[in-house]
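Now for the letters of each chain:
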Amino acid sequence: MRLIAFGDSITHGEGLQDKWNFLENKGIFDGRPSKFAWPQLIANKLKIKCRNLSIGGSSNKEIWYKIMNTKFLKDDIVVILWSFHDRHCIIKPKYIKTFFKDGKQKTILVDNISQLALWRVDIDAEPHHKGTPFSESKIWFKHIHDYFDMTIEFWKHCNYIQYALQDNVRLIKHYGFEYDAFRDCPEWNKVDVTFLPFNEPINGYTEKYPLAHDNAHPGPLAHEEIANKILKEIK
Amino acid sequence: MRLIAFGCSLTFGVGLSDIWDYKKNKCIYESPSKFAWPQLVANKLNIECVNKSKAGAGTKEIWFKIVNTKFKNSDIVIVMWSNINRHCIINEENHSIQRVNIWDKDDQSKLFYKYFWCPSDFYLETLLRVNHIQLFLQDKVKLIKHLMSSDTIDILKTKLKVAKSDQEKFNILTTELRQVWNIVQFLEFDGVRQDICDEKYGPLALDDHHPGPLAHEKFANKIFEQIKL
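Taken in sequence, the protein lines are chains U and Y.
With the numbering used here applied, the first sequence corresponds to residues 325 to 559, in that order.
With the numbering used here applied, the second sequence corresponds to residues 30 to 258, in that order.
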């Protein structure tokens, strides 16, 4: 049995102690998730293997794409922590990357996904984040983005995943932290998404517990509480 | 039993005689044509026709219309998916649709197609919506059929036959396309092709752009052959 987790930087565990360079006081972005993030904590308690397939900065569309391109086993437990609704991405054709290994030329196909996010509007893209130039995010949010429209798109993505996976894995659990999504839940929705109060002013995880080292993401105690909450539901 | 049809102008029957204003020489968009394929199929099946198509609708708009429609177990649902290069934004107020089309001249549309429209992204979007509707409806209604016009299918087929050097780039996309092909079995409406319209389907509709009455009739026969009970 395996626990397979999908999500954004929160699920990745950005800012936690093993993803933090204390000498230079900056994050470590090597593509590997933190062993102190909630997926690994749950897997430890269940004594099963953990595959944390989260992507920092990802939108719900990118999470959907990642899930659709993942091979599952019948006894997998899949837990998805969906992301913010003000993020989007454009999935472009994969590109071919050529490299040399053992003196031989090899080629691999690499995903080519441009992230569009609100945090790109005012600041230039940080080097560890892939995506469009920040000016494109600026255009997106000024002229195209609509929060309600993106909320409908979120429900489409999570409903599709539920239909696509429900007969192919042992269990799927959906979590979200965008309160407005629950308010705008459409009648046609068939998925039970559990709300996790991350940024809520009262009793929110980032309010209740110290933040991670980057002063932006949930700290270790918040991850512990999330892990315990999810564990109770999947046990 | 009812036949419920969704789609764009090809399903609405734009340009057909009963919804044509001969004085102003333009289409009347109040209600769909009784000479469009949905009504013709319903006539053959001797059942009620509910044509919920809207001229100019894109894939997303059609998808949104379907998920918000109440169905009965005995319904036959036929969806004629539209051109993939149409987009829309769903507004909170009354869930109104704000269209973003490649031919529109407003800033929003121009910026969208300049910076954010990418064919591979929209193929995936189309596949996602078609598959979602299939999964959403398959236990709710008696039958679902997915249709596409020839020009849209041509675009998708072109992607299946890309030049060898580009083949790998589209590897994942084409795999997904083939899966969808197998699941939903698109039925092709070739009456939309102007190059073959006259010889095979008679003249175009009165707007000189959309399929004429004979094309609708032949397409209705094709659908009827596939769904007759």
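Read the hints as simulated data drawn from the structure, not as lab findings.
It is possible that some hints are incorrect.
What the hints assert, rightly or not - If you want the footprint, here are the derived chain U segments under chain Y, 3+ residues with CB under 8 Å:
| id | segment |
| --- | --- |
| 1 | 414-422 |
| 2 | 460-467 |
| 3 | 472-478 |
| 4 | 506-512 |
| 5 | 548-559 |
Stated by the list, open to error - Okay, the calculated bits of chain Y under chain U, using three or more residues with CB under 8 Å as the criterion:
| id | segment |
| --- | --- |
| 6 | 85-98 |
| 7 | 128-142 |
| 8 | 154-165 |
| 9 | 229-239 |
Where a beta carbon is used, it is the ideal one built from N, C-alpha and C, also for glycine.
Tested hints:
Residues of the segment 414-422 of chain U with a Cβ under 8 Å from some Cβ of chain Y number 7, which satisfies the need for three, so the listed coverage holds. Check on the segment 460-467 of chain U: 4 of its residues sit with their Cβ under 8 Å from a Cβ of chain Y, so the three-residue criterion for coverage holds. For the segment 472-478 of chain U, the stated coverage by chain Y holds: 3 residues have a C-beta nearer than 8 Å to a C-beta of that chain, and at least 3 were required. Only residues whose C-beta sits within less than 8 Å of a C-beta in chain Y count toward coverage, and the segment 506-512 of chain U has 4 of them, enough to reach three; the restraint holds.
Using a Cβ-Cβ cut-off of 8 Å, 0 residues of the segment 548-559 of chain U lie near chain Y, which falls short of the minimum of three, so the contact claim is violated. As drawn, the segment 85-98 of chain Y meets chain U at 4 residues by the rule of a beta-carbon pair under 8 Å; at three or more, the given contact holds. For a cut-off of 8 Å, the count of residues in the segment 128-142 of chain Y with a CB near a CB of chain U stands at 5, and the three-residue condition holds. With 6 residues having a Cβ less than 8 Å from any Cβ of chain U, the segment 154-165 of chain Y passes the three-residue criterion, so the hint holds.
Check result for the segment 229-239 of chain Y against chain U: violated, 0 residues qualifying (beta carbon to beta carbon below 8 Å, three or more required).
Consistency note: the structure conflicts with the earlier hints numbered 5 and 9.
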